[in-house]
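Enquirer: Listed in order, the protein sequences are those of chains A, B, C, D, E and F. So that you can map any letter, position 141 of the first sequence is 140 in numbering that gives the first Met the number 0, and since no number is skipped, the others follow by simple counting. So that you can map any letter, position 174 of the second sequence is 173 in numbering that gives the first Met the number 0, and since no number is skipped, the others follow by simple counting. So that you can map any letter, position 135 of the third sequence is 134 in numbering that gives the first Met the number 0, and since no number is skipped, the others follow by simple counting. So that you can map any letter, position 116 of the fourth sequence is 115 in numbering that gives the first Met the number 0, and since no number is skipped, the others follow by simple counting. So that you can map any letter, position 137 of the fifth sequence is 136 in numbering that gives the first Met the number 0, and since no number is skipped, the others follow by simple counting. So that you can map any letter, position 125 of the sixth sequence is 124 in numbering that gives the first Met the number 0, and since no number is skipped, the others follow by simple counting.
No lab work stands behind these hints: they were computed from the structure. All figures in this text were calculated on a predicted structure; none of them were measured in a lab. Don't be surprised by glycine CBs; every beta carbon is placed ideally from N, CA and C. Please note that a few of the clues may not be correct.
A few chain A residues that face chain F, going by a derived Cβ cut-off under 8 Å, partial list only [as the list claims (entries may be wrong)]:
{"hint": "1", "residue": "87"}
{"hint": "2", "residue": "204"}
{"hint": "3", "residue": "208"}
Chain F regions said to be covered by chain A (calculated; three or more residues, Cβ under 8 Å) [claimed, not checked]:
{"hint": "4", "stretch": "23–30"}
{"hint": "5", "stretch": "61–69"}
{"hint": "6", "stretch": "189–196"}
So the derived label-pair ranges between C-beta atoms look like this [what the hints assert, rightly or not]:
{"hint": "7", "chain 1": "E", "residue 1": "144", "chain 2": "F", "residue 2": "141", "range": "25 to 31 Å"}
{"hint": "8", "chain 1": "F", "residue 1": "163", "chain 2": "E", "residue 2": "144", "range": "54 to 60 Å"}
{"hint": "9", "chain 1": "E", "residue 1": "53", "chain 2": "B", "residue 2": "209", "range": "41 to 47 Å"}
{"hint": "10", "chain 1": "F", "residue 1": "172", "chain 2": "A", "residue 2": "176", "range": "52 to 58 Å"}
{"hint": "11", "chain 1": "B", "residue 1": "73", "chain 2": "E", "residue 2": "85", "range": "42 to 48 Å"}
Protein chains: 6
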Amino acid sequence: MSAATRPDGRAADQLRPVDLRVGVQRNPAGSAAIEIGGTSVLCAASVEDGAPRFRERRGWVTAEYAMLPGATTDRSRRERTGPGGRSKEIERLIGRSLRSVVALDRLPDVTVTVDCDVLEADGGTRTAAITGGWVALAQALRARGWERHLAGQVAAVSVGIVDGQPVLDLPYVEDVRAEVDMNVVATADGRLVEVQGTAEGAPFDRAQLDRMLDLALAGCEQLFARQLAALEGGAA
Amino acid sequence: MSAATRPDGRAADQLRPVDLRVGVQRNPAGSAAIEIGGTSVLCAASVEDGAPRFRERRGWVTAEYAMLPGATTDRSRRERTGPGGRSKEIERLIGRSLRSVVALDRLPDVTVTVDCDVLEADGGTRTAAITGGWVALAQALRARGWERHLAGQVAAVSVGIVDGQPVLDLPYVEDVRAEVDMNVVATADGRLVEVQGTAEGAPFDRAQLDRMLDLALAGCEQLFARQLAALEGGAA
Amino acid sequence: MSAATRPDGRAADQLRPVDLRVGVQRNPAGSAAIEIGGTSVLCAASVEDGAPRFRERRGWVTAEYAMLPGATTDRSRRERTGPGGRSKEIERLIGRSLRSVVALDRLPDVTVTVDCDVLEADGGTRTAAITGGWVALAQALRARGWERHLAGQVAAVSVGIVDGQPVLDLPYVEDVRAEVDMNVVATADGRLVEVQGTAEGAPFDRAQLDRMLDLALAGCEQLFARQLAALEGGAA
Amino acid sequence: MSAATRPDGRAADQLRPVDLRVGVQRNPAGSAAIEIGGTSVLCAASVEDGAPRFRERRGWVTAEYAMLPGATTDRSRRERTGPGGRSKEIERLIGRSLRSVVALDRLPDVTVTVDCDVLEADGGTRTAAITGGWVALAQALRARGWERHLAGQVAAVSVGIVDGQPVLDLPYVEDVRAEVDMNVVATADGRLVEVQGTAEGAPFDRAQLDRMLDLALAGCEQLFARQLAALEGGAA
Amino acid sequence: MSAATRPDGRAADQLRPVDLRVGVQRNPAGSAAIEIGGTSVLCAASVEDGAPRFRERRGWVTAEYAMLPGATTDRSRRERTGPGGRSKEIERLIGRSLRSVVALDRLPDVTVTVDCDVLEADGGTRTAAITGGWVALAQALRARGWERHLAGQVAAVSVGIVDGQPVLDLPYVEDVRAEVDMNVVATADGRLVEVQGTAEGAPFDRAQLDRMLDLALAGCEQLFARQLAALEGGAA
Amino acid sequence: MSAATRPDGRAADQLRPVDLRVGVQRNPAGSAAIEIGGTSVLCAASVEDGAPRFRERRGWVTAEYAMLPGATTDRSRRERTGPGGRSKEIERLIGRSLRSVVALDRLPDVTVTVDCDVLEADGGTRTAAITGGWVALAQALRARGWERHLAGQVAAVSVGIVDGQPVLDLPYVEDVRAEVDMNVVATADGRLVEVQGTAEGAPFDRAQLDRMLDLALAGCEQLFARQLAALEGGAA
């Protein structure tokens with residue numbers, strides 16, 4: 000597959016342009032704005048006293064995810080009668096991913112809620128929320144003097160099979176026609192936190208799965224560098 | 000009252016710094032971002048086919064209002080079990096205000112929904128939503144070739160009585176200790192669309208009401224100029 | 000405008016016939032039935048232990064408002080999936096108005112709920128609820144020996160502009176065609192608690208606003224006399 | 000059991016004082032106010048176009064039941080998140096009872112909704128709602144010229160066993176200590192529409208059941224006379 | 000009426016075949032599966048700490064009732080927005096019936112919830128739930144060493160009038176065309192806990208009521224024997 | 000890892016005992032009961048007219064998933080205020096998996112709903128639901144004469160890493176202490192429909208991922224044989 004065959008001219012293993020800024024909201028303990036191609040997510044990490052009892056951990060990290068109505072081509076309805084199945088599923092994914100790099104039992108009895116609000120959607124909103132959410136979380140923990148309880152970095156990216164070819168970081172136009180859609184959440188030491196691959200059309204074989212994992216892990220490498228650069232206020 | 004007595008050093012009749020930009024979102028027909036002091040609202044105007052039957056008007060303009068959880072000092076809970084009483088009241092106010100300058104019966108059979116999402120809150124979010132919402136609405140109507148059905152400009156501002164003194168455009172710190180809180184929605188030809196004055200503490204007299212109206216109408220004059228400047232892409 | 004031009008032959012500054020009775024329900028600490036023209040509202044003030052924590056006041060006064068299905072020309076649906084936006088807005092108005100004349104910090108740790116149920120609706124139901132609700136509240140406070148915490152009287156009335164003329168106390172038939180609809184809540188010492196004016200059609204100017212306020216304050220004067228007469232068991 | 004042993008001095012087979020008035024609301028097609036002892040219910044019968052499809056009958060009669068918050072000794076909470084189990088059960092009972100005397104297939108394609116709102120509760124609210132609801136329904140059918148589709152009269156009364164003795168028409172004070180609580184819905188030709196007997200404490204035997212039915216049917220006889228008197232505008 | 004006239008060839012006073020097994024689920028303290036004709040209900044009795052405060056009893060027994068979507072001829076919708084009116088009514092009936100034979104004040108501070116899930120429905124699901132629910136409850140109380148707080152046996156059966164004839168234990172095909180539908184809950188000492196008779200078509204007279212009660216009590220006699228046999232692990 | 004180290008003595012690559020029966024409910028077009036170890040799921044496939052419009056496919060297959068309260072060690076609450084996030088996520092997984100082997104565009108305009116109700120839960124309920132759901136679906140399609148639109152078999156199984164060792168088909172006791180939890184949905188031709196791997200504790204590496212996939216695909220092979228045996232009424 001030549002780079003020219005993707006709608007935006009990218010190579011199969013190339014990320015869209017990434018912009019990642021920290022401290023974009025005045026009130027939350029941590030916040031970050033991430034843009035990756037046409038997807039833009041605002042992430043805010045708020046610290047509140049008390050962790051949910053049933054979790055049996057000292058501290059807790061959770062996430063909420065929502066889309067602004069104007070984020071999509073057609074106006075998307077606010078989820079005012081409770082989050083839909085899709086939102087809940089995404090919230091659970093973001094929460095699990097962020098918790099995988101936090102030493103919950105060393106935190107005080109607090110809940111850190113990472114709110115991820117999608118301002119513009121063009122594919123990969125849940126993976127952008129994880130990547131940006133980690134930056135907001137890191138800033139919040141640092142602000143409270145708890146940065147030592149952050150055990151590592153976590154980032155995420157989508158991969159898929161489009162026209163039979165494995166490709167990295169799918170925009171909406173590729174996503175809707177992908178045969179396979181997969182999200183990979185990884186840590187900076189090269190391990191996997193989540194692998195969620197779904198055949199939308201024909202099922203996929205083991206060789207395709209392996210190629211998608213290669214692409215995703217290489218993409219995450221670049222995102223880890225961007226996260227550090229944003230936190231340090233330097234250019235990536 | 001000397002300017003020095005307000006927390007941010009403003010004179011009683013002075014607006015906070017205003018920044019108003021148009022076309023900030025890719026998908027909706029119209030969009031605007033308004034910042035007034037520490038308050039920041041994203042307004043998106045989406046056009047959908049069909050107006051609500053029970054309205055007995057050809058076209059319709061409505062509004063939704065929500066606050067991002069990180070917009071406030073303490074994280075505010077998402078309204079996922081339906082908008083609260085306060086949000087509904089604000090949505091009705093924004094909708095009525097915008098409809099006051101649209102010739103609904105000349106629109107086609109469409110509903111324009113103006114979504115107002117508060118990114119940062121520091122007082123005056125509902126009035127900022129009206130002022131910015133009008134810009135998003137104007138851009139949307141222009142994009143569809145319906146600008147002739149926009150009968151005029153509408154803007155809004157808060158006034159109040161703080162320490163016995165009528166003041167214009169209250170930030171949160173003044174709002175919580177105001178004796179009277181009032182929102183005024185006005186049109187560019189100097190008339191009133193809405194006057195909502197509430198005594199939070201001691202009731203107010205007619206002379207105080209008159210002084211507040213003077214302040215509000217002068218403040219709206221400045222906002223009308225900003226709206227036009229934003230739409231024309233010029234500096235205000 | 001001559002009196003003859005109003006549908007029921009009243010002068011522009013004339014209230015509809017008022018009937019106000021106290022103690023009409025056996026169970027609540029206070030209750031009142033108010034009829035003003037074709038509008039009939041049953042008000043009950045119940046005292047329960049405990050005030051809402053987040054209010055930071057010792058005692059609390061709140062209101063609920065509902066319409067019986069048979070109160071309107073067409074049967075109105077019960078609000079069984081939560082109060083609608085309109086009901087919530089009205090409940091907030093009634094609550095704020097009644098609280099404006101109660102010394103909440105001198106009350107014990109109780110909540111007084113004033114339930115306003117509209118038995119028959121013909122315009123002005125929210126203002127009738129405030130006027131009647133004050134009588135129910137006064138009876139309840141008296142029954143508990145807390146009448147000294149009632150700082151004054153509050154009453155409310157609607158005004159509007161119909162066919163270009165400011166008029167007092169609009170029945171439904173005038174309300175639906177009014178250009179401006181305004182509710183005024185005032186205290187017996189001549190001050191304002193709430194001013195809510197809405198242009199349903201053309202916006203209004205300052206002179207019209209002043210004339211409406213004159214009408215409303217004169218109307219409230221008559222309602223204050225009726226409230227006292229009802230409480231004292233005398234004829235009005 | 001001597002009459003003197005009941006709290007209000009009634010004989011075991013005696014109804015409480017009954018007041019039944021028709022046409023008490025201006026808007027609904029039919030309405031009635033029934034007072035029986037300390038229980039007071041407002042019944043309104045509204046006619047709307049269209050019957051529910053799944054019923055497979057041409058016309059339909061249904062009921063809604065609610066209690067005003069001030070109707071009970073302690074304020075009862077409004078059922079704003081849907082009717083509770085008890086209300087739904089009562090609504091189904093009222094609806095079935097009224098339908099038992101209407102020729103649904105001869106009605107046009109309409110739904111008659113009989114709203115029963117309890118203004119004051121002192122036992123027997125559901126049976127009062129049936130007795131009064133029939134009067135409202137009869138007035139509504141007459142107003143539309145459909146009185147020939149009303150096949151008969153239906154009324155209801157409570158009976159129970161208190162201190163081992165079967166008694167008629169229980170006020171709240173008897174109801175809470177009754178061993179058995181039973182509602183009987185009967186038609187004017189002496190037949191039974193509903194028999195709902197519940198042992199709250201010890202179960203009851205066949206002889207007690209028979210005695211309760213005797214009391215109930217005699218009580219209904221008196222209520223049928225009151226219904227006719229109310230409709231004919233005569234004194235009972 | 001000869002036995003041959005019923006759709007399944009039974010005599011008017013004959014139960015459908017009954018199968019009742021205890022201990023069918025691994026987790027709950029007690030469980031039972033009851034099949035009566037084509038109706039199959041799984042009953043589970045779970046013991047949880049704490050009784051509801053407002054009940055003013057030391058322990059509490061309550062019930063929940065639901066139908067699996069595949070239990071009915073046409074798929075029945077899950078009650079995911081709260082139990083419907085019918086389910087709530089049935090749950091209240093099952094709970095009351097089971098409580099009638101438990102010494103609640105001698106139980107510890109626990110709630111026993113008896114879940115009744117209908118796997119297959121062919122009439123009489125609520126009465127089967129009571130009969131089977133008692134067995135699950137008895138096993139649970141025995142498992143906790145509280146069998147002495149079980150004061151007796153309770154069982155239930157439907158009766159009705161079909162084609163003018165009183166018949167016992169109606170399957171769905173009879174139920175839908177029954178003129179009268181009646182559920183009887185009885186105790187093993189021959190007394191009545193609940194009698195719920197409803198005329199779906201023409202009202203019924205006293206003689207018919209008596210005949211239905213005779214049939215129901217004889218049917219319950221057989222069910223009491225089955226309950227004991229199931230608990231004792233013997234054949235019925 | 001020796002077989003003896005698993006709580007139930009199984010080898011790392013061994014399934015729990017499987018029992019799979021077809022046609023267990025009378026009413027739905029297809030039904031199946033699957034037991035795998037201590038997990039028991041009832042699957043019912045109902046066919047209803049009409050497919051959801053927004054799907055843009057001629058026919059549709061969807062799934063609902065629920066747990067009976069008594070299925071778990073502690074009673075699990077019914078999801079009566081809407082399915083929880085976990086249930087929705089599972090329902091989406093089951094639906095997608097089943098659709099992957101159905102030619103939706105060749106089906107008539109119908110929706111097949113596969114209801115999966117968990118009677119007993121001991122880990123792997125969602126994968127059992129997919130494996131059993133396919134059998135119910137196959138029977139339903141066959142009953143309607145649509146078996147040619149079933150493009151293949153789909154089955155699912157859980158794998159995980161427990162104490163550092165990849166193992167197949169985790170019961171609850173292993174599931175709660177697994178470091179990695181993964182569900183694999185595969186087709187009989189050896190391809191993957193879904194891969195969902197989640198690190199609950201430490202992230203996992205690529206070699207571990209590969210070993211888990213090997214185990215899962217071998218496990219699915221055995222399940223495909225059981226599905227065919229059940230449908231053909233033979234022993235597996």
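Enquirer: Has the hinted range 54 to 60 Å been met by the Cβ atoms of residue 163 of chain F and residue 144 of chain E?
Expert: Given range 54 to 60 Å: violated, Cβ gap about 43 Å.
Enquirer: Given the range 25 to 31 Å, decide if the beta-carbon distance of residue 144 of chain E to residue 141 of chain F lies inside it.
Expert: Once the Cβ atoms are compared, 51 Å apart, the range 25 to 31 Å for residue 141 of chain F and residue 144 of chain E is violated.
Enquirer: How does the Cβ-Cβ distance of residue 73 of chain B and residue 85 of chain E compare with 42 to 48 Å: does it lie in that range?
Expert: holds, 44 Å
Enquirer: If I claimed the Cβ atoms of residue 172 of chain F and residue 176 of chain A lie 52 to 58 Å apart, would that claim hold in this structure?
Expert: Hint violated: Cβ distance 43 Å, outside 52 to 58 Å.
Enquirer: Return the status of the interface hint for residue 204 of chain A: holds when the least beta-carbon distance to chain F is below 8 Å, violated otherwise.
Expert: holds, 5 Å
Enquirer: Restraint: residue 87 of chain A near chain F, CB-CB cut 8 Å. Satisfied or not?
Expert: Residue 87 of chain A check passes; min Cβ-Cβ to chain F is 3 Å, inside 8 Å.
Enquirer: Taking 8 Å as the limit, does the beta-carbon of residue 208 of chain A come near enough to a beta-carbon in chain F?
Expert: Because about 7 Å separates residue 208 of chain A from the closest Cβ in chain F, which is inside the 8 Å limit, the hint holds.
Enquirer: Count residues of the stretch 189–196 of chain F with a Cβ under 8 Å from any Cβ of chain A, then say if the count reaches three.
Expert: holds (count 8)
Enquirer: Do three or more residues from the stretch 23–30 of chain F put their C-beta atoms closer than 8 Å to C-beta atoms of chain A?
Expert: Violated, because only 0 residues of the stretch 23–30 of chain F bring their Cβ atoms closer than 8 Å to Cβ atoms of chain A.
Enquirer: Should the hint that residue 53 of chain E and residue 209 of chain B are 41 to 47 Å apart at their CB atoms be regarded as holding?
Expert: Violated, at about 54 Å.
Enquirer: Has the stretch 61–69 of chain F got at least three residues whose CB is nearer than 8 Å to a CB belonging to chain A?
Expert: violated (count 0)
Of the numbered hints listed earlier, those contradicted by the structure are 4, 5, 7, 8, 9, 10.
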